[in-house]
Amino acid sequence: MFVSDTMLKINDLCAKVEDKEILRQLNLEVKPGEIHAIMGPNGAGKSTLGNVLSGRPGYEATAGHIEFKGQNLLEMDPEIRAREGLFLAFQYPVEIPGVSNMELLKASVDARRAHAGLEEYSAIDFMKMAREACKAVNLDQSFLKRGVNEGFSGGEKKRNEIMQMMLLEPSLCILDETDSGLDIDALQVVANGVNAMRSADRSFIVVTHYQRLLDYIVPDYVHVLANGRIVKSGDKSLALELEAKGYSWLENEAV
Amino acid sequence: MSEFQSHALMLAQQSKGLAWLNDAKQACANLWQAEKWPTRKTEAWRYTSLQSLESTLWSVPSEAQLDGLPDELMALDATRLVFVNGNFSSQFSSELPESLTLFSQASPAEQQAILTKFNQVAKVEKHLFSQLNTAALGEGVFLNLSANQRLEKPVYVVYIHTDTGASDYVGSRLLVSLETSAEAVVIEHFITLSDASPMFNAVTELDIGENAKLKHYRISMESEQSLHLGSVHAALHANSQLTGFTLATGSRLKRIDYHVRHVGSGADLDLQGIYLPKHNQRVDYHTNVEHCVPHCTTNEVFRGVISDTAKAVFNGRIHIHQDAQKTLAEMSNRNLLTSNRAEINTKPELEIYADDVKCAHGATISQLNDESLFYLVSRGISEAEARVMLSFGFVNELVENIAVEDIKVWLRPRMAKAFGQNDDVVRHLIHD
Ligand SMILES: Nc1ncnc2c1ncn2[C@@H]1O[C@H](COP(=O)(O)OP(=O)(O)O)[C@@H](O)[C@H]1O
Ligand SMILES: [Mg+2]
Chain A
1 MFVSDTMLKI
11 NDLCAKVEDK
21 EILRQLNLEV
31 KPGEIHAIMG
41 PNGAGKSTLG
51 NVLSGRPGYE
61 ATAGHIEFKG
71 QNLLEMDPEI
81 RAREGLFLAF
91 QYPVEIPGVS
101 NMELLKASVD
111 ARRAHAGLEE
121 YSAIDFMKMA
131 REACKAVNLD
141 QSFLKRGVNE
151 GFSGGEKKRN
161 EIMQMMLLEP
171 SLCILDETDS
181 GLDIDALQVV
191 ANGVNAMRSA
201 DRSFIVVTHY
211 QRLLDYIVPD
221 YVHVLANGRI
231 VKSGDKSLAL
241 ELEAKGYSWL
251 ENEAV
Chain B
256 MSEFQSHALM
266 LAQQSKGLAW
276 LNDAKQACAN
286 LWQAEKWPTR
296 KTEAWRYTSL
306 QSLESTLWSV
316 PSEAQLDGLP
326 DELMALDATR
336 LVFVNGNFSS
346 QFSSELPESL
356 TLFSQASPAE
366 QQAILTKFNQ
376 VAKVEKHLFS
386 QLNTAALGEG
396 VFLNLSANQR
406 LEKPVYVVYI
416 HTDTGASDYV
426 GSRLLVSLET
436 SAEAVVIEHF
446 ITLSDASPMF
456 NAVTELDIGE
466 NAKLKHYRIS
476 MESEQSLHLG
486 SVHAALHANS
496 QLTGFTLATG
506 SRLKRIDYHV
516 RHVGSGADLD
526 LQGIYLPKHN
536 QRVDYHTNVE
546 HCVPHCTTNE
556 VFRGVISDTA
566 KAVFNGRIHI
576 HQDAQKTLAE
586 MSNRNLLTSN
596 RAEINTKPEL
606 EIYADDVKCA
616 HGATISQLND
626 ESLFYLVSRG
636 ISEAEARVML
646 SFGFVNELVE
656 NIAVEDIKVW
666 LRPRMAKAFG
676 QNDDVVRHLI
686 HD
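These protein sequence lines are chains A and B, in that order.
The numbers in the first sequence follow the numbering used here, run straight up by one, and end at 255.
The numbers in the second sequence follow the numbering used here, run straight up by one, and end at 687.
Hints listed in this document are in silico derivations from the structure and should not be mistaken for laboratory results.
For each residue, glycine too, the CB sits at the ideal point set by N, CA and C.
Just so you know, not all the hints are guaranteed correct.
As the list claims (entries may be wrong) - Examples of chain A residues toward chain B, derived with CB under 7 Å:
1. Arg56
2. Pro78
3. Leu88
Taking the hints into account, I'd like the entire structure generated from these sequences.
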């Protein structure tokens, strides 16, 4: 069992992409059970943060420290981070024709369980779970057999990310603009998925542009990320304030 | 005549005689003898060296028996014909329906029918190794469907090589003739049971009559050391349909030619191919589709995954003759190189002499997509497994199109294993 009172602790993180400094001394602490919303203007570095956390090649941490469940995250290979329970729902999920959703799901859940020393689910049990997950995100079961995200609509791709998240049962879920491009029904499906997974030992970082998602997924904290750092933090009322005032007043503050 | 050519002629003389085919054999021996032996400067052989073929003294293998049916066979409810080192094995073959005949067992009437069809669809003067195949012919299969005849079961022809310790030349010949509105499914499957290095020389002729429909599958997954020179020749008469599928893993030398001619209007060709050379293997596909008449369609898709230091060639030509108005032809060739040292030479060619046609062709060469790779890895999948999944997915799309479910089920795990021997990296792709 993991015993630590922090899920994620980011200290003075600097990161660059293609020689461009994107994150500048970013600090953030997420405790188990908490939901943190991150908002901020386009190009602020929100996706970069998700990419650095998940270990995407090309996103290089140049300074600072990240502790994930008591371990040094930056020392871990990306697949190990995932097996340890870090999950990133991508802003733009890729299509992988020829590999079925089901194959991806079984391979990833098997890998996560093996890493935790748990027995694999049988094919039949897992199929049942996958069908349940499909139902929960309102995707037809035929999606399990289709190529990963292949020909899915924008909303279907996002719901597929949530389905993966449900089956992987991560400790830390990072949702990168999972709400963008969703209609209100799909938004509710995503929110219900997240809310159903809320628990004392699981945390969420929800990146969004819209306060409306936060009506459904109620955050414990709201942060504003601008120019590569957290420039303001508050409770959920900050989201409303941002909706009214925009970001410019904060951006000026940050520089 | 090169030294290899004259050795090959001696080989041809060793082959069992089918006296009634002597004229055809002799004619091809003469052609073969007169051919200028190709070098790397010969356009059709530019990227594929024949050296491993030339440096060996080939011989017709001695008779060999199998202890049992190899596991590698497809589990198919089919009429099965098994050849072992070029010889028909009645023990492991099904009872043949009337429409199927071995050349060696052909009645005089059937001999006559064979003679009128034989080397008609195949333009032997254009296909070097079809000449040798004919000159050295020992046995063949004739599938002859009369008008409206439909085979209940697929015909599954298995060519097995089992090691006899020599440099075996294994010739095979399949002649398919479908008359008006006949329908059949034919599978050709090449297997080696050892790591010996036989040379397969396999010629298939498909004569598809008006309105007739043929599905033809050709699976070539022999040992790494084997050589394979093969060709499929097809003539499509009016409103006929050929659905062709071919898959080749690599080996020391593999050269497979498809030569399809639309000779009746309204004919439809769907040809899909997969090649998967790895290590230091070679695969060379040359396809040539000729639209001789109006209103025919061709859809040709070839995909390859080339790994390690392997090399592949795809040379696809679609030739639209002057009379072939209203042709619809598309050809696509996509290649995935999974190593920096893998090589592909792709050359899609459209030659168009008619003005009212719709044609498109394209070729791509790519490497494993970083984003896709990261997507899988970010889900906890090891990079090794992710690579196999992506390589598999790249060609699996074509396998998914296979209409015969049993072939798909058989092929899938074997194709996965072509990308990784280690069970850990393929097991999630192997399921039902
Ligand atoms: N792969 C990349 N290559 C080059 N620049 C990048 C890359 N990823 C992000 N950036 C740059 O980093 C900055 C932050 O981008 P991003 O993290 O996507 O912002 P956000 O998600 O907040 O909109 C932008 O200026 C963007 O152009
Ligand atoms: Mg973003």
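How the hints compare with the structure:
Given hint, A/Arg56 at the interface with chain B, holds; its Cβ is 6 Å from that chain's nearest Cβ, closer than 7 Å. Satisfaction of the interface hint for A/Pro78 is found here, the shortest Cβ-Cβ separation to chain B being roughly 5 Å, below the 7 Å cut-off. With a cut of 7 Å, the hint placing A/Leu88 at the interface with chain B holds, because the nearest CB-to-CB distance is about 6 Å.
Checked against the numbered hints above, the structure violates none of them.
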